Each structure stands twice: as C-alpha cells, then as structure tokens.
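**Q** Please take these sequences and the hints and turn them into a complete structure.
Line order of the protein sequences matches chains A and B.
For the first sequence, our numbering gives the first residue as 30, with consecutive numbering after it.
For the second sequence, our numbering gives the first residue as 30, with consecutive numbering after it.
No lab work stands behind these hints, which were simulated from the structure alone.
It is possible that part of the hints are untrue.
[Said to hold, decoys possible] The following residues of chain B were derived to be distant from chain A, with all beta-carbon distances above 12 Å:
#1 H36
#2 I41
#3 C42
#4 K43
#5 V48
#6 M62
#7 T104
#8 S118
#9 F136
[To be verified] Between beta-carbon pairs, the in silico distance windows are:
#10 A:Q128 / B:K93: 17 to 27 Å
#11 A:D55 / B:G82: 32 to 42 Å
#12 A:Q128 / B:Q58: 18 to 28 Å
#13 A:G129 / B:L97: 22 to 32 Å
#14 A:Q112 / B:K43: 36 to 46 Å
#15 A:Q73 / B:Q58: 14 to 24 Å
Note that the coordinates shown come from a computational prediction; the quantities given were computed from them, not determined experimentally.
No residue lacks a Cβ here, since even glycine has one placed at the ideal position from N, Cα and C.
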Amino acid sequence: AQTVTQSQPEMSVQEAETVTLSCTYDTSENNYYLFWYKQPPSRQMILVIRQEAYKQQNATENRFSVNFQKAAKSFSLKISDSQLGDTAMYFCAFMKLPQGAQKLVFGQGTRLTINP
Amino acid sequence: GAVVSQHPSWVICKSGTSVKIECRSLDFQATTMFWYRQFPKQSLMLMATSNEGSKATYEQGVEKDKFLINHASLTLSTLTVTSAHPEDSSFYICSASFTGGYETQYFGPGTRLLVL
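**A** The following block contains the structure:
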C-alpha cells in the first residue's frame, strides 16, 4: 500500500516570500503520478500541480514548482512570491499509473497562512 | 470545463433518518466517481469508488450497508447515508474522472452533513 507523509502541520510566511512544503511517500510502484492540491476556506479542492514519475523534469505552474526526487521519494512544493490568496490547506497526493481509474492517496495536509 | 457539482451543499438531519447526496458531472461523462469523507482539520479519506453501471468498491472499514452508493448514469452518482447518527457528521466530497483522463480527478464543492 502507498502512504504519503506531510511532516509540517502548519506553516506561516509573509506575503511575497517563498515557501516550501514537504512531502514524502512510500511505494513499490515505478510509474505513478504525484499531485499537490489546495483546499482554501471554501473547501473546494483545487489542483495546483501534477508530476509524472517517469518525467525527470520538475513540473512548474507559474509561481508553483516542485522538487521531485524519485530515489528519495520526496516531492516538495515551492510557492514563490506568495500571495494572500495562497492561504489554504495543501495536500500532497499519490496515484498509481492509471490503468483504469485509480484512487488518490492523500497526505495529512499542511495549513499554510500567508500574512500581510 | 470539467465541472462537478454536489447537492445539497449542506444538510442537517435528525438521528435515524437517511440522507442522500448527489454528485453530478456537468460537462463530461464521468465513468468513475469517488466519494471521500473529511473530518475537521483532517485529510480526505476515500470511502468508495464507483463505476457507471457497476457496484461500488468500498474501502476497508467503510460500511457498505450504511453508505449506499449508486452510479446509475455517466453524469450522476449518489451517496445515501442510511440511519444517520451524530458520528456520521462530516464533510463529504465527490470527485469524477473520465475514460482516457484517469490521471485527473475533478472535485465537487462538498456537502456538509450535521446529524443531530
């Protein structure tokens, strides 16, 4: 079974600073997807970024980028130039390579607060 | 595109009654839908996976007779909490994926259930 661990329950930074959220996972699979989801106070889950394990290049989406270390089974999220709207719960998630629909396995979450 | 709705957004019921929650994919055919449960300040826990026209697959520890899931069409899945009790109070979230796009799950906005 796969497990996902987020060791930082809460983080807080000032607006415009850069922040990195940590995530480690455990799996015996070689091909899989990793995700970061954001859950703001509205509780709507929003996909932030996705990484395919077979790709060596780290995924980036505007101010969001990941540091994917496959051998270390580490998948951190970096938010640059943080904004007040980035305040949310952030969940790291794992999915086996889809052969048909596969479930998402979520970490415990990190509550990120961006202070003005 | 790829919008998922849930109805109702919140519901309060008396202990012993049954509650039905609907999950609809508004602009795509959802071959697979997932139902998650989220307690306050906790992560999402998968309850069951449902494929259109098939019986749902429940995660270990989830009572299938208590949480009835129906996925009768490609755009609608329902979760019925039968004989609800206060411990069933939670936030229920559905997600959906489609054939050929299994790596992405689109989340509904969630339903808050409070059982008195």
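**Q** Minimum C-beta separation from B:K43 to chain A exceeding 12 Å: can you confirm that?
**A** holds, 24 Å
**Q** Would you assess whether B:M62, listed as outside the interface, keeps its beta-carbon beyond 12 Å of every beta-carbon in chain A?
**A** violated, 9 Å
**Q** Are A:Q128 and B:Q58 spaced within 18 to 28 Å by their CB atoms?
**A** holds, 19 Å
**Q** Does the Cβ distance between A:Q73 and B:Q58 fall inside 14 to 24 Å?
**A** holds, 22 Å
**Q** Check the non-interface label on B:I41: least C-beta distance to chain A beyond 12 Å or not.
**A** About 17 Å separates B:I41 from the closest Cβ of chain A, which puts it past 12 Å; holds.
**Q** Determine whether the non-interface label on B:H36 survives the test: each CB of chain A must be over 12 Å from its CB.
**A** Since the minimum Cβ distance to chain A is about 15 Å, B:H36 lies beyond 12 Å and the statement holds.
**Q** Measuring Cβ to Cβ, find out whether B:S118 lies farther than 12 Å from everything in chain A.
**A** The claim stands: B:S118 keeps its Cβ more than 12 Å from every Cβ of chain A (closest is about 15 Å).
**Q** Checking a non-interface call: every C-beta of chain A should be farther than 12 Å from the C-beta of B:F136. Is that right?
**A** violated, 4 Å
**Q** Please check whether A:G129 and B:L97 have a Cβ separation lying inside 22 to 32 Å.
**A** Holds, since A:G129 and B:L97 (Cβ atoms, about 23 Å apart) stay within the stated range.
**Q** For A:D55 and B:G82, compare the CB-CB distance with the range 32 to 42 Å and indicate the outcome.
**A** holds, 34 Å
**Q** Is the hinted range of 17 to 27 Å satisfied by the C-beta distance from A:Q128 to B:K93?
**A** With Cβ atoms ~25 Å apart, the hint holds.
**Q** For A:Q112 and B:K43, compare the CB-CB distance with the range 36 to 46 Å and indicate the outcome.
**A** holds, 43 Å
In this structure, the earlier hints numbered 6, 9 are contradicted, and the remaining ones agree with it.
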